[in-house]
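**Q** Read off the chains here:
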Amino acid sequence: MNKSVFLGTLAASALLAGIASAGTLDDVKARGELICGVNTGLTGFGAPDANGNYQGFDVAVCKAVAAAVVGDASKVKYVPTTGETRFTALASGEVDMLARNSTWTFSRDNDLKLDFVAVNYYDGQGFMVHKDLGVSSAKELDGATICIQTGTTTELNLADFFKANNISYTPVTVADDSEAQRQYLAGACDSFTTDASGLAAVRATMPDAENHVILPEIISKEPLGPAVRHGDNNWGDVVRWSFYALVAAEEKGITQANIEEVAASTQDPEVKRLLGLEGDLGAMMGLDKEWAKRAIAASGNYGEIFAATIGESTSIGLARGLNALYTQGGLQYAPPFR
Amino acid sequence: MAHVASVPKEPFRLSMLVYDTRYRSYTIQIVVLVLFLAFLAWLLNNTIVNLAAKDKDINFSFLFQRAGYDIDQQLIPYTNDSTHGRALFVGLLNTLLVAFIGCILATVIGVMAGVLRLSHNWVVSRLMTVYVETFRNIPLLLWIILAFVVFSETAPAPRDFRVTEEMAAAGEAPAASKILFDSVAFTNRGTSIPRPYLDHPLGSFSILDVPINLSVVAALALIALCVWINGRLIANAKSVQEATGERPVTWWKSLIILFAPIIALLYALGFHLEYPELKGFNFQGGINVAHSFTALLIAISLYTGAFIAEAVRAGILAISKGQSEAAYALGLRPGRTMRLVILPQALRVIVPPLISQYLNLTKNTTLGMAISYLDLKGTLGGITLNQTGRELECMLLMMLIYLVLSLIISSGMNVFNTAMKLKER
Amino acid sequence: MTKATFVRKEMLPPQEAPASQRGAIKWARENLFSSPLNAILTILGLLTVVLLVKGALPWLLNGVWEAGSLMECREIIAARHGEGATGACWAMVRERWHQYLFGFYPQPLFWRPTLAFALMFVALAPVLYLGNRTVNTIMAGVVTVLTVLALIGISVAFPQAIAGADAGVAALLAVVIVLGALTAVAWLAPRKLMILTLLYPAIGFYLLWGGSIWGPIGALAGFAILALVYSLTKGQLGVVVGTGAGVVAAMVWWLAVQSHITGALHSLLPFSITHVDSDEFGGFLLAFVIGVTAIAASLPMGILLALGRRSDMPLIKALSVGFIEFIRGVPLITMLFTASLLLQYFLPPRTNFDLILRVIILVTFFSAAYIAEVVRGGLAALPRGQYEAADALGLDYWQAQRLIIMPQALKISIPGIVSSFIGLFKDTTLVALVGLHDPLQGVTKVVRAAIEWKGIYWEPYIFVGLIFFACCFSMSRYSMYLERKLKRDHR
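Protein sequence lines, in the order shown, are assigned to chains A, B and C.
The opening residue of the first sequence carries number 1 in full-length UniProt numbering; numbering runs sequentially from there.
The opening residue of the second sequence carries number 1 in full-length UniProt numbering; numbering runs sequentially from there.
The opening residue of the third sequence carries number 1 in full-length UniProt numbering; numbering runs sequentially from there.
With the rest of the complex left out, here is chain A (with noise of 0.2 Å):
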C-alpha cells in the first residue's frame, strides 16, 4: 500500500501517504481528508482569510464532498494550484479533486484525461473599458489595447473572437488578477477582459466604479466546474452527486437553517431519499445514508453558497442570472435522485 519514499523517516511526517490503487474514494475515506486543488487566491471563488482558513465559492464545494465522504466539512486539505500546476496536481494524485476555476472544454476532458464532473458557474468572458472611451460594443474595439491573463483559456478566446470580427488588438499579457486590474486602472490597457463573474469583482472594488462599464457581449461559454481524474468513475460520481444534492436542496427549499426541521417533518419521496431517510442512495456509490445531509449542511445548499461568498449582498455583487436555478430562467438544474 504505502511505498516509502527515498528520504524516509526525515520526512516522514511531511509525507502524504501514497495513493493506493483502490480508488480516490477509499483513499480519501482511509485517510479521513479531502485534498483539494484550489486557487492560489481568488476573491469571492476561494482565499484564505485572515486566519488562513479557506473561504469562497469554489472552496464549498470541497466542504460538501468533504462531508459526504468523511463526515466533517473542515476535513479539507487546500493545495493551492496555479493555472500551469492545476491539472498535473490533479493528473498526479497530488489532489483528489480540483475546484479551481476551470473551464470545461473538450480538450481538458479528453486530451488532459480530466473528467469535469458538473458545472457549479456558468460563465463567459466578457470586457470592461473606461466609460469615457466612448465604446459601447467590444466590437467597436479595434486597434484597442487589451489587458488579459496568460495562460487561460481568456487569451485564446480573445484571438478567436477578434479574429472572427476581423479587427485588430494588442494583447497586454499579465501575471494574474490583481495585475490586470491595476493595469487597467493605470490606463495601460483600454479594456480589460476576462470572466465575467472577474470583471465585476475588479469592478466592485474599484474607487471609481461609476466609470468603467462592463460591455455587454459575452464572447465565449465558460462552465467552471469540480474536476476529477479520468478513470475513476465512482469518485466522480460522489463529487458530481455531492455538488447536484447542493442545487436539490436549493430547488427542494432545503437550508442550513431547517435541513434538520425538514428532515422530521417532510413527505416528500425525493427529499426523503436525498436525505437519506427512504431507500438507501448513498450505498450505491459507496457511502452511508446521510451523505447528502452533511453535505448541504456543511455550507447551505447552492443558492445560500452563492449568495454568502458572491452573491449580491457582498460586496462582490454577482446577479444569479445563468446560475439562477431553471425554475427561475437559470441553467442549474440536478438531475433526478432516484
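The hints are simulated quantities; they were obtained by calculation from the structure and are not laboratory data.
Below, a sample of chain B positions facing chain C; criterion: calculated Cβ distance under 7 Å:
(1) Ser-25
(2) Asn-46
(3) Ala-53
(4) Val-123
(5) Val-124
(6) Asn-137
(7) Pro-139
(8) Leu-141
(9) Thr-366
(10) Leu-392
(11) Leu-403
Glycine is no exception: its CB is placed at the ideal position from the N, C-alpha and C atoms.
Once you have looked at the hints, place chains B and C on chain A.
**A** Frame of chain A; chains B and C shown alone:
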C-alpha cells in the same frame, strides 16, 4: 657496483581491487558507473511506467499544431495561426534580445557604478553604495514588478497626447507630447519609436519562414567592409609611426571611410523614418516596445549591474596603489589613469565573476513571467504547456535550450578570458 | 648708531585657514565640487534624492495604520488630507503581518517557529567564527532576550496563544529556561555548543513540524548507526567502503526498520506535540525553511561534488562536472517546475509527497552545484604545500581532507557560502510560481484576494522588501566582516 634488487612481482589477487591503491580507483569508478547507470535505468523505467499509467506518450508533434494565442512582441512574423514551434522561436528570440541588451546595459551600469563608488565625490559614492546595496539585497522579482508598475503608473496615457478641436481652437497644448524631436512617444502602455523605412528596398527571401531582408544584409556587409578598411588604415598609420616616428593624421579619413558609404547606401535605398502617430486608441506606425520588455530590461540590468559594480570595485581595489601613483607621476589625469592603466589590469580580476553574472542574467530573464514578458518560459514553458498539457516535453525542451544557451555564453566568455589572461613568458 | 634690527620675540598665532579652506566649505569643495564633472554629478545626485523623497514622502506620511479595509483607508485619508490625497494603507500590514511571517501556521503555535529561529542563531554561533566565547555568549543572551520579547509580543497580539493547548506561560517559561541554559553553556563550556549545532536539524524539524518525538529521534538513530558501522568497518575496509556500508545500514534502518520501532516506542511512551502540515507553512517561515534546509543539506553534497571535480578518477570527475554544469546552466524556475510537474514522472508510480519537500530537494540540488563551485574556489586557494605536507605526514586521502584541507578550505569558503545563502534566500520568492505561499507574491496574492484588501498594491511589496533588505543586508555585512577577519588571519 650497486645491485638493485628488482621488486618482486606480486601476483594479482582479487582483494587487491579493494586494498591496493593502484587498482582501487578502478573499482570505485566501476561501482559508481554501475550505480549511475542503474539510477538512470530506474528513472527511465519509472518514466515509462508512469507515462503508461497516465495513458500519455512523449510526443513533440504539438510543436507543429496551431498555437492560437497572440504574442505582443515578435521579432519574426507570428500570428495566432502559427504553430507552437514558431511560438517557441519567438519566445527564444525575445529571451535572447533581452539577455543580449541586458548584458550590455548591465556592464555599462556596473562599470560606471563600480568606478563611481570609489569616487572622491561624497554624494556620488554614497549614492552608488546605496544603489548597490539596495539592489543586491532585495529580490529581483520585486524589482521587475516595481519597474513595470512605475512605467505604467507614471507615463501619460495615449489619450493625453490627443489634440481635440476645442484645444486646437484655444491654442492649448495637449497634456503630454512626444519627446526627442517629436519622434518617440512614451505612453503608459509602451514606447513607440520611429521605424526605419526604405523606399527602394532590395527585397527579401525567407529561410524556414524567417524573412531575411536583403537591404539589412547589404548594410551589415557594407559596415563590416568599412570597419575592416578602417582597421587597415589604422594599422598602416601605426607602421608609418613606428618607421618614421610621426603619425599621419587619420581621423578624417576614418570618418569618411566609416560613414560615407553607409550614408550613400541609405540614400540610394531611400531611407526615411516612419514616426508613430496617434490613431484611434493607440499610437500606430513606428515600432511599439511593450513596457514588459523595457521594465524587465531595466530591472534586470540594474540588478545585475549592482553585482557587476561589486566585481568591478573588487577588481580595482585589487590593483596595487603603486599603479595609479605611477600613472599620476607620468602626468596622466585621473580619468585617463582609470581608463588606460587601472581598468585594463583590473579586467583580469573582473572577467571571471562577470561571466557568471552574464549567465545569471540570462537565466534570470525567466522571471519576466511575473510581468508576462513572453520569453521562452512564457511561450513554451507557459502558454504552450498550459494549452497542450505536455509538461514533460515542454520542460525538457526548455531546460535543454537554456543549457545550450548557458554553455554557449560561458564557452564564449572563457575564450575571451583566456585571451585576456596575463601572458607569462 | 643704533642698529635697528628687528627681532621678533614671540611667534605669531597661526592664522585661520581662509574661509574656502576650512570646515564644511572645504569638505564640500573637496568632496562635492572638486571638478566641473564632480559638481554636475553632485547636483544630479542631490536632484535624484530630492525627486524621490518628494514623490514618496507625502504618500508614506499620510499612511493609515488603523482601518478595516482599503476603502476605509481611502476614506480616512480623504478626510484627513482632503480629496485627492494619496497615502499608504498600513492597516493591511497591521492585520496580516502574521501571515507574512508565518503563513498559515496555527496561531497558538507561533512560539515554535520563533524558538526554532532563535535556536538557529545559537546553533550557528560555534561555526560562524564570530569570535571568542564572550561574543558567543553575548549573542546567545541577546537572542534569548529578543525571543522572549517576540513571544510576549505574539501573545499580546494573539490572546488565544496564551490559552492555547501547548503554548502559554509554561511554553514561555520553557523557552526562557532553554535559551538561558544555552547562554550559560556558551559561557561555561563553549565547545559543548557544538552538540546543539549537530542536533539542531532534528530539533528544528521537530519544533516546526511537531508530531511524535520518536520520529526525529529515530532519524538521528540512523545517523548514529551510520557512524557506528563506519567506525567498525573503517579499519578493515577503508574510508570509502566503510562509509558505503554505513550508508547502506542507515538506509536499511530508515526505510525498513525505523517506522516499526518508532511506532512501537510511540505507543509505549506517547510523547508528542501538535503536528503541523507543511502546507500550512508560508511567508518568511517558508523562505527560511527552504533556504536554510537547502543550504545545510547542500553543504555535504557540494563538498563531495567539489572533491569529485578535482578527482583523479576521470569518471567521477566527468559525473561531477556534468552535474554542476547542468544545474548551473538551467534557471531555478525550471528546477521548481521540475519539482512540481516532472518529478511525478521520474519517481516510482504512486509515490507522492509534499510539494514543499520536493521543492526543498530540488533547491538543494541547485544550491549544491553553487556550493561546489564555492568550495572548489576555497580548495584552489590553498597553497600546494598544504597538500604536499599532508602527503609527507603519511596521511591518506580522506585523512588529509578531513584534518588538513577541509578545515582551511571551508573557512575560506564561508563568505562565499553566505553569499550563496543570500542569493538562495532571495530566490525563495520564486516558489510562488508553483503555488506556494512565499512572502512576496504568494501571501500578497492571498491578501489581495480578500475583498477588504483587493486592489492594495505598494504596501505589501514595501513591507516584504524591507524585511528582505534587513535580512540580506545584515548577512552580507557579516560576510564582509568575516572576509576581512579571515584575510587578517592569513597574514
